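Take a look at the letters that make up each chain.
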Amino acid sequence: MKSLYISRVIIKNYRNFKDIDVSLGHKQVIIGENSIGKTNFLRAIQLVLDPSFSDEDRYLEESDFFDGLENPIENKEVIEIKIYLSNYSNNKNILAQLSDATVKEAGEEKLLITYKYFPVEKENGETEYQYIVFKGHDETKRFNHEDRKFINIKVIKALRDVEGEMKNTRTSPVNKLLKNYYIDKNDLKDIAEKLQESGSDVLDLDEIVDLTKNINSRFSNILGTASNFNVSLKTIDIDPNKLLTSMKILLSNRNTSELSLGLNNILYISLVLLLLQDTTVPSFIKKAKFKELRAKKDGEILDSAYEENGKSNYFIKDVLEDVVKEKLYKFMDTHDPKCDGVTILAIEEPEAHLHPIYQRLLYKDVIKNNSNSVLLTTHSTHITSIAPIESIVHFHSNKGGGTDVNSTTALDILPEELLDIERYVDVKRGEIYLGKGVILVEGIAEEYLVPKFAVLMGKPLDEKGIIVCNVNSTNFKPYVKLLMMLKMPFVVITDGDFYYEDVSDKGEITRKYHVMYDESDKRDFGYLGLSIVSNIIQDLNIIKSDKIPSDYMKQDKMFNKLGFYVGYYTFEVDMMEECARNTAENKILCDVFDRLTDGGDRQKENFKNELDSGSYWSCLRKIESNGIGKGRFAQVMSIKCTEKHIPEYIKAAINDIYEKVDEL
Amino acid sequence: MNYSMSYYIDKLEQIKKDTMQLEAYNTQESTVVIAGPGSGKTTVLTLKILKLLREMIKEPRGLACVTFSKEAAREFKERLNKLGYEERQNVFLGTVHSFCIAEVLGNFAHLYNYQIPIPIKIISERDKRKLFEKVIKDLGVEHIGISITDMDKERTLNIKGMSSVQVPTYDIALKVALEYEKRLQELGLMDYESIIKFSTLLIQEQEYVRKCLSAKFPWVVIDEYQDLGRPLHEMVLSLFTKTDIKIFAVGDPDQSIYGFSGAIPDYLLELYKRDDIIPIELKNNYRSNQDIVDGSELVLNSSRDYVAVTRTDERAEYVFITCEEDLEEQYDKCVNEIIPNYIGKGISLEEIVVIAKYNNDIKKLSSKFLEKGIPYYISKHDFERSDFVKWLEVCASWVNDKTSVSFEEIYLYWERLVLNHNDKEFFYGNRRVLEKRKLYNILTDSYEFRNKLNLWIKNIVTHLDILNLLNGSSIYPDEIENLENLIKVASEQRYKGYDISRFSKLGKPENQVTLTTRHSSKGLEFEVVIMLGMEEGNFPDYRSYSDPRKLAEENRMCFVCISRAKKICVLMRSKYYNITKKNGGIWHKPCEESRFWKILYRKFAQADFNRRK
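Protein chains in written order, with this note's numbering: chain A, 647 to 1310; chain B, 280 to 892.
Be a bit skeptical, because a hint or two may be false.
Distance condition first, Cα-Cα at most 20 Å in a straight line; then the derived PhoX-like pairs of lysine-lysine [what the hints assert, rightly or not]:
| hint | chain 1 | residue 1 | chain 2 | residue 2 |
| --- | --- | --- | --- | --- |
| 1 | B | K454 | A | K825 |
| 2 | B | K490 | A | K973 |
| 3 | A | K1098 | A | K1110 |
| 4 | B | K337 | A | K942 |
| 5 | B | K490 | A | K976 |
Derived list of chain A stretches under chain B, where covered just means 3 residues or more per stretch with a C-beta under 8 Å from a C-beta of chain B [said to hold, decoys possible]:
| hint | segment |
| --- | --- |
| 6 | 714–721 |
| 7 | 982–992 |
Here are a few chain B residues that sit away from chain A, every Cβ distance over 12 Å (derived from the structure) [unchecked claim]:
| hint | residue |
| --- | --- |
| 8 | L301 |
| 9 | K416 |
| 10 | I427 |
| 11 | E486 |
| 12 | W677 |
| 13 | W693 |
| 14 | R716 |
Note that these hints are calculated values from the structure, not bench results. These numbers were taken from a predicted model, which means no experiment stands behind them. Beta carbons are placed, not taken as given, at the ideal position from N, Cα and C, and that holds for glycine.
For reference, chain A alone in the conformation it holds in the complex:
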C-alpha cells in the first residue's frame, strides 16, 4: 500500500524561488545542476514538516528572501510555502489528526499545510517578522509539533556521516528498530548473567593467573611488602540494559567500519526505510499478545498469516495472498492500532560513493518498491536513466535569476509512448534531463551532423548545454510533451518528405515519394513532414486545427515559430540540394562516397554524375546500398562537411534553439 505523499508544492519568495508551483508524485527524482536550489527546495518542505527544526530554524532572515527582491523586509514581502498532501484517506491517524486541514482541489480532497513568514505591525508602528504554520485556509488552526508526529519529513543529507550515525547508539537505526520490539527485561538479565559467568572463566586461564601474580609482585616491590594492596583482574561488567545497544551490524561478517562507504550508505538507507515502514501488521508477535489478539472478533485471520516458531512465538509467513494481507491489515488496524505517523523520506544524492550498478539497484529495489514516499536529489545519470518518466522534477534557472521547477507528474501519454521514451532515456543515460535545450531529430544522420553544423556556424551545442536527441522515428509527440512539461527549450528537425499525388483511373490517390519537385509537373503535391508536425501540434492542443493555414509556406512559418523545422525531401537530399552549385562541397560529398563504397570506379563516376545532374534520390540510394548506410555516411561527413552543406531549415533550427537557451 502506498503511503500518503506530497502532491503539490507552492513556494513564494524563498531563496531561489520567486514563485513556483509544482506537482509531485509518490516517488520523485529531483534533478538539476549544482547550486540550482535542490537543497533549498527540500529545506522549504522541511520548514513545514521537519520535526527536528527548531523555532529558530523556522525564523528566517533577510537573506532567505528571493534574491531578485530588493529590500524585501522594507517592502514587507511575504515568504509562503504551501504543501498539499494526497492519498491519506485510508490512514486513520492522519485523518484524526489532520482532517481540519482539508481543502478541495479540482474536486479532490487534499490536506494543505502552509508556512508563512510575514510582517506584523506593532502598536508603535514598527514592523516585526513572524512565522506561522497553519492547516487548511484557516490561520488560527496551527500546525504544531503534535501534528508533526503524524506527518513529517526526514532528510538524509548529501554530506552525511553514515558510519558515525550507525555507531552512535542514539542515532543508530538498528537501535531504533530494536526499540520497536518489546523485549522482556528478564530475558536480557538472564543472558547478561550467563555472559558474565562464562566471561570470568578467562580469569582461570593459567596465563592470566601468571600475569596477575607478576603484576602483584612488581607492585609490592615498589610499595614495599608492608603495604597491603592486592591487584586482581576482572572482566568487564555486562549491563543487561546495554546488551541490545551494544549489538553491531555486520555485513558478510564484516564490521560496518570496515565496509566501503558505498555499501554503508546502502545499508543505512535500507535501515532508515525499514524504520519508517508502516508497522500496523507486525512481522513478529509474542505468544501472549497472539493469544490476546486471536480471541478478538475475526481473529481467525491470524492463523492463516502467522506461523508458530519453536518458542511458541509467531512470525508472519513469507508469502501472503493479497486478500489475506488486506484483511490482516484491517484486523490489526482495528484491534492493535499503532500510533505511528507517516514520514516522507528525502535523500540527497544517494549515489554518493556508489558503483553505478549499486546506484541502479538502490533506486530500483530499495526506493521504488518502498511503500513510503521518497524524494531524492541526484546528479547520477544511472538513477535518472531508470527513474520512471513521470517521476522527474526538473530544476533550471530562469531569466529573473531564480530557479524554475517543473515536474512530469501530470505527463499524460500512452503506455507505449511511455515505454518508448523510457527506453530512450535509459539507453542515453537520462541525458535529455541534463540539457538546457534539446534538438529532437528523427535519425542517426542528423544526430551526427547537427552538432557539427552548429560548430561550423560558430554555435557549438556543448557550450550551451544543448543536446541532440535522436528519436529514431518521427514519433516526436511524447518527447515534445515531456519537454513541454519540463518547460525545457526545444526544436524539432524533421524531413519534409515531399510527394506527388498520382490519381488512378478509378480516382484512387496514391502518394509518390522520393521524387524531386518539378515546376512543369502539374500533379498535386504535399509534404508528409508538415502533416506530421501539424498532427502533433493539434494533438498537444498547441494550436487548434482550424487555425492552421492550408498554404505550405504559411504552415512552415507557423511551425517554425513553435520550434518545428521541416525540410523539403529527406535530410541527405536537402543537404545535396543545398550545395548544388558548389563544386568544392560537391567534391566533398563525392570523396566521402568514394571512400566508403565497395563499388568500383564506374559506380563512383555514376554518383558524381547523378549529383551534378540533380538526381539526388539516386545518390541517396547508392549511399544506402553498397555497404555504406546513412549513419556511416553522416559519420564521415561530419568530419569533412563545411558550412555550405547545412540545409537552411537546420540552420534556422540551430539559431532558434541557441536563442532560446540564451534567453534563460
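Chain A is already provided as a structure; the job is to place chain B on it using the hints.
Same frame as chain A, now just chain B:
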C-alpha cells in the same frame, strides 16, 4: 475537581457489583443502555469513556461524547477529571450543537456546496422571532397560533434518512418551516436547527466527512438519547451503518419529556432493537426506596421491574395534602408548614425540591420563600448560563482561590474567544504574552470587588472590553444582551447578596430549597419531593386528553417527578380554582384529584399501607 484515585477505585468496585452495569462497561461492540432513574448511568458512562480511551483507542484517535445540555457536558468533564482522565486530543465532550459546529460544519462545510454560510453566523433569538413573525404574517396564518417551537419541531421531523419511525406532521407548521428556512438561508444566517440539519446532511451524503469523523472518533458516546430528536438519530444511524464507528448510547425512553421539540422515545427504542446492537437494561435503582420506585412505575402506567438496591429496608412516605382553593394556598402551606416540618426533622434544605408546572408559578413561589426567609435555589436563572457566563464563573472561582482552577485553562478560553472575534493578527509574537498578562492583571485586580457580584462583573466586563469584542458576534449573537441582563439582575433582589464565591457555585443549591419546573427537575434527586398542582386538568393537562402521544408523555413526566424522590413524596392539590373569565367575572371552578394522585393514593394512602409503615 482533581483526580482522586480512591474515587476511581470506589466507582470501579461499584460497577463490578452490578452485573448489568458491568456488562455495559465491558462491551466491545455498539451498545445501547436503557438506564432507569437512579441507575448509575453517569458512573457507567464516565468509566466506559475512560476504559475506551485507555484500552481500546490509541492516540491520536479519540472519541466524541455528545450530551443534551451544556450542563451535562460540564458535569461529565468534572467527573472524568475526578476519575483521572487526562486531557488528550480528539476527545470531544459537548452538546450536539457544539459537535456540529466544531467537528462537522467547521471542518467540512467549506468543501461542499450546500450554501452553508461560512463563517457560520447564527441568528439572534430576537431576529429569529422577527423573521418567524414575518413569515407567519406573509403566509397569512397568524390566526392559527403556530409557535416557533411548533415550527422548529416540524423542521427537525422533516429530515430524511433511514429511520422507520413514523411521526404525524403538522402541515401548516411545515409550510411555515420551509418558508422560514428559505429566508434564513437568503439572509446567510443559521440557527440551531439548521446547524444540526446541515451537519446531518453532510454526514449522510459525504463519504469523506464520515471517513474523517470515524478516524477521529472510533467511538461515539451519546447521553440522554431520548431527548435528542430525529436529526441526531439519523446522524447516528448514518455513522453507525456506513462507517466503522461504534456507538455507546445511554438513555431512558420513559424519561422522554421533550415531545414539543420533536424528541420521542421511539428513536432510542429503534436503535435498542437493532440486531447489530448489544441491548442492556440497568434495572437497579441506587437512589430511592422500593415504594418510590413502585409509585413511579404506577404513574408511568408500565411495569419496569426496577429494584431499589440501596434503601432496602426503608418505606416511602407519600403525603397527600388538599387545600381549599388556588395554587396560592399551596404555596403558603408549602412555606409555612411543610418545609418547616421537614427542616424540623433534620432534613437539609438542599434535599428538598418543590416542583411546579410553569416558570411563572416558580416565580410566585419564590417570593413566598423570600417573605418567609427560607433560602431557595432556582436552577433556571434570570440569565442564560452560556459558555461565556460559565467562563466568568470559573474566573470568579480562580479570583477567590488560585488553586481551584488553572489559569491556563481560563486563558485558553479567552484566547479562543478573542481569536474568533478579532482580527487574527492579534496573537502574533509577543502580543500573546501581553494578552495573557493583561487578563491575569484584570482578574487579580478584580479581587477587591469580590464581595459584590454586580460590581465584580461590571469591572471585568469593562476592563476586558467585552461588549465591544462581542459586538456583532456571529457565534454568540445573543451574548451581549445576555450579559447586559446579567449585570442588571445581579443587582436585583435574587442575586443581591451574592459574592463571587456564591457566583462560582451557581450550578448547585447551597443550603437552599430547590424550586423547579417539572421539565427542569430531570436529572436531579432529593430526599423530599413536593409536587404542586396535582389536579386533573392541570396534571395531566386537559389539552393532552385528545392525543394519546401527549397523554403518554404526561405519564412519563409524572414518572420523572416521582422518581426524583429518595424517600418522601408530597402531593398537593386544591379543590377549587378561581379563574378570571373573559367578561371579567370569576369562575369558581371545582377540581378533581389528578389521576396520578388517585393511583398513588389508592396504593399508598390506604390504611393498611400506613399501618405497615
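Verification of the hints:
1. K454/B <-> K825/A: It is violated: about 65 Å lies between the C-alpha atoms, which goes past 20 Å.
2. K490/B <-> K973/A: holds (19 Å)
3. K1098/A <-> K1110/A: holds (14 Å)
4. K337/B <-> K942/A: holds (17 Å)
5. K490/B <-> K976/A: Between K490/B and K976/A the Cα gap is close to 15 Å, so the pair holds against 20 Å.
6. 714–721: Violated - the segment 714–721 of chain A has 0 residues with a Cβ nearer than 8 Å to chain B, which falls short of three.
7. 982–992: holds (count 3)
8. L301: holds (19 Å)
9. K416: holds (40 Å)
10. I427: Given that every Cβ of chain A is farther than 12 Å from that of I427/B, nearest at about 33 Å, it holds.
11. E486: violated (9 Å)
12. W677: holds (25 Å)
13. W693: holds (14 Å)
14. R716: Since the minimum Cβ distance to chain A is about 15 Å, R716/B lies beyond 12 Å and the statement holds.
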